[in-house]
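There are 4 protein chains.
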Amino acid sequence: MNLETRIREKLKGQRFMHHIGFEITKIEEGRVEGEMPLHEHTKQQLDFLHGGVTLTVSDIVMGFAALTKTPEPHKVVTAELKLSFLNPGIGDRIRAVGITLKSGSKLHFCEAEVYVYHQGKETLIAKSSSTMAII
Amino acid sequence: MNLETRIREKLKGQRFMHHIGFEITKIEEGRVEGEMPLHEHTKQQLDFLHGGVTLTVSDIVMGFAALTKTPEPHKVVTAELKLSFLNPGIGDRIRAVGITLKSGSKLHFCEAEVYVYHQGKETLIAKSSSTMAII
Amino acid sequence: MNLETRIREKLKGQRFMHHIGFEITKIEEGRVEGEMPLHEHTKQQLDFLHGGVTLTVSDIVMGFAALTKTPEPHKVVTAELKLSFLNPGIGDRIRAVGITLKSGSKLHFCEAEVYVYHQGKETLIAKSSSTMAII
Amino acid sequence: MNLETRIREKLKGQRFMHHIGFEITKIEEGRVEGEMPLHEHTKQQLDFLHGGVTLTVSDIVMGFAALTKTPEPHKVVTAELKLSFLNPGIGDRIRAVGITLKSGSKLHFCEAEVYVYHQGKETLIAKSSSTMAII
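Chains as they are written, first to last, in our numbering: chain A, 1 to 135; chain B, 1001 to 1135; chain C, 2001 to 2135; chain D, 3001 to 3135.
Bear in mind the hints are in silico, worked out from the structure with no lab data behind them. Source: prediction; values computed, not measured. Each hint should be verified, as a subset may be incorrect.
Simulated crosslink set (EDC-like; lysine to aspartate or glutamate; CA at most 20 Å straight-line) [stated by the list, open to error]: (1) B:Lys1102 to C:Glu2113; (2) A:Lys12 to B:Glu1072; (3) D:Lys3102 to A:Glu113; (4) C:Lys2012 to D:Glu3029.
Covered by chain B, according to a simulated footprint, are these stretches of chain C (three or more residues, beta-carbon under 8 Å) [said to hold, decoys possible]: (5) 2062-2075; (6) 2089-2097; (7) 2121-2131.
Covered by chain C, according to a simulated footprint, are these stretches of chain B (three or more residues, beta-carbon under 8 Å) [what the hints assert, rightly or not]: (8) 1067-1076; (9) 1099-1110; (10) 1123-1131.
Glycine included, each C-beta is placed from N, C-alpha and C at the ideal position.
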């Protein structure tokens, strides 16, 4: 089973990811990317994208980027995640990219960037880092 | 308008919070608490609570705890948030508590704890810290 | 060899800790405390305590708190550390307390608080969290 | 007074930076770099570079990178800093690079990388992010 098929299999169980409407669009070794449209249900009271969505999609792309570097039957869980909100999320669509900065046999260190598309322009709205534990 | 009424007014606009099913149960100055049942849609592929939910509810209770310390018409936005996943989220219900550790005129420093209820027992599953910017 | 003797043995090799003038004063299972006077060499250009000192002593008390929960011959290394600077460090002396929030067989999650003494009053100036990896 | 002269003036007051032996080597708008030799006094009990040094030099290069983006007479203080320890610090010399990822009128978001030189090879040992508050 190739890398993409293996990851796609696991994505089926990501019920919260499906619930919010995020989809993985690219899977490479050490790099995973996804997108979602920004509907009404993803907003907070200032009409910006809710930080919880930004945090969630960052966790997802980093977790799956880590999984591409983890031999079966091992799994990965997020030990910790930090995210900086650089710009408000105003737009139609977001794109999230997760990479593995350093892979190990017990831990992976990952990073993610989230971009928003608005009126034909893409803006970086969040940058995050995480420690992923191999179990 | 008292503190609780003011916060309740703003909670109406929290569309992502309503989408996932989280509800604020207690509002005091510097402390906000909320709860949600763990349905199928909050899970990931290992059948644990999705980290995105834990991150989201932590951001919400810290943001509103910060808001209780912020005079009108100012608002707060999350500048950054870090969360440690201490235990897997397995259970029927979660409870999140956010507090302001230090309030200032430009920044508030907050912390949150998330607990899961399982078979009559409550377990701390996550601890987080954040910097909230007053705008 | 008891816990305190074991930790004291390892403290001898902490050359950077000795270089800055920090000393461990209390060692219990899951909790380590230390102190240092604030000399000229610990300051930055605004005459406050340098953030590097606050970060360093936080790393030390969390690392040794983690070590008290780690069976020999295992060691611990810091995987990541986050610190919030709550108040400026102005005073004569600091005290740092590190605890293990959650201990595991592969990772420990720790927290630390740093206090400054000034004119007979103690103020919390920093709060931090870390992931410690057992090797 | 040009940018470099202004920053060099403030560096004189960095007593803790001088105490540990770190020197700023490059100053550009939004980017500051420094180096230091690894002496005995920078080590911990496993003979690796002490995490406190890595944290300190990261804080310094991010703080000064932020200062290059801050108009006089404003100053910057670190609100929070997170650092991931990617590889053990074994070598003769370190180099730290700090950049501003996003500059604002109240906050700057910065990142830093620390490299170690060992037997003619340079390795990334740490990556960090911080929120700098303008005062």
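Going down the list of hints, with the structure as the test:
This hinted pair checks out: B:Lys1102 and C:Glu2113 have alpha carbons roughly 13 Å apart, not beyond 20 Å. For the suggested pair A:Lys12 and B:Glu1072, the alpha carbons sit about 45 Å apart, so the restraint of at most 20 Å is broken. A hinted pair counts as satisfied when its Cα atoms are at most 20 Å apart, and D:Lys3102 with A:Glu113 qualifies at roughly 13 Å. With a C-alpha separation of about 42 Å, the suggested pairing of C:Lys2012 with D:Glu3029 is violated against the 20 Å cut-off.
Check on the stretch 2062-2075 of chain C: 0 of its residues sit with their Cβ under 8 Å from a Cβ of chain B, so the three-residue criterion for coverage is violated. With 0 residues bearing a CB less than 8 Å from a CB of chain B, the stretch 2089-2097 of chain C misses the requirement of three and the coverage assertion fails. Restraint check on the stretch 2121-2131 of chain C versus chain B: 4 residues with Cβ-Cβ distances below 8 Å, three needed, restraint holds. Taking a C-beta to C-beta cut-off of 8 Å, the stretch 1067-1076 of chain B contributes 0 residues in contact with chain C, too few for the three needed, and the coverage statement is violated.
Using a Cβ-Cβ cut-off of 8 Å, 3 residues of the stretch 1099-1110 of chain B lie near chain C, which meets the minimum of three, so the contact claim holds. Coverage of a stretch by a chain is defined here by at least three residues with a beta carbon nearer than 8 Å to that chain's beta carbons; for the stretch 1123-1131 of chain B and chain C the count is 4, and the condition holds.
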